[in-house]
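J.: Sequences and hints are given; from them, build the entire structure.
Residue numbering for the sequence shown follows the working numbering, starting at 9 and increasing by one per position.
Because the hints were derived from the structure by calculation, they are not lab data. Fair warning: there could be bad hints in the mix.
[Said to hold, decoys possible] List time: in silico PhoX-like cross-link candidates among lysine-lysine, alpha-carbon distance up to 25 Å:
(1) K50 x K36
(2) K178 x K167
(3) K70 x K54
(4) K54 x K110
(5) K110 x K50
(6) K36 x K70
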Amino acid sequence: MELLFDWPQVFVADEGFDGTYPTNVVVKNNGTCLYVPPGIFKSTCKIDITWFPFDDQRCEMKFGSWTYDGFQLDLQLQDESGGDISSFITNGEWDLLGVPGKRNEIYYNCCPEPYIDITFVVIIRRRTLYYFFNLIVPCVLIASMAVLGFTLPPDSGEKLSLGKFQLDAKLRLFPSQQFVNSSSRD
Numbered sequence: 009m010e011l012l013f014d015w016p017q018v019f020v021a022d023e024g025f026d027g028t029y030p031t032n033v034v035v036k037n038n039g040t041c042l043y044v045p046p047g048i049f050k051s052t053c054k055i056d057i058t059w060f061p062f063d064d065q066r067c068e069m070k071f072g073s074w075t076y077d078g079f080q081l082d083l084q085l086q087d088e089s090g091g092d093i094s095s096f097i098t099n100g101e102w103d104l105l106g107v108p109g110k111r112n113e114i115y116y117n118c119c120p121e122p123y124i125d126i127t128f129v130v131i132i133r134r135r136t137l138y139y140f141f142n143l144i145v146p147c148v149l150i151a152s153m154a155v156l157g158f159t160l161p162p163d164s165g166e167k168l169s170l171g172k173f174q175l176d177a178k179l180r181l182f183p184s185q186q187f188v189n190s191s192s193r194d
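T.: This is the structure we're talking about:
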């Protein structure tokens, strides 16, 4: 026996595609239905690089229905501290700190019914070890060599060699600094 259900589509508010897949529904003998759809959701967020590479980022993802109001579809949040992140696959560049969520109930002037959405905030922290050894340490060494150059006597031949070495080191370090994204919050 095949039953057809019309389930509400829940999307990320700024998403440009539907990442859900057709799934089965478990129907119990008392008439209750269990529908657990998988999904892949893509979203963008602004990155604040003020404290790069020692930065934390917060990215909001708002989930809601485009077609059903709060009387027809009532989204509920199990826990405001966020979802279970124990199955998160670690990333080489970021640590996932948490995904707290908040349920919002919005009333618009046009309509008496509420519109429900759930907003999750993905909080991530950049892993700094790579940037520390490939960006910060070389910059500190080059800056300390510049200070050292001022301590050498003017008639020393080593002063010119040190200056050439500094210029060469700066020119070699410059291309490696291209990975720093120039986008930042205004």
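J.: Give me the numbers of the hints this structure contradicts, sorted from smallest to largest.
T.: As far as the earlier hints go, 1, 6 are violated by this structure, in ascending order.
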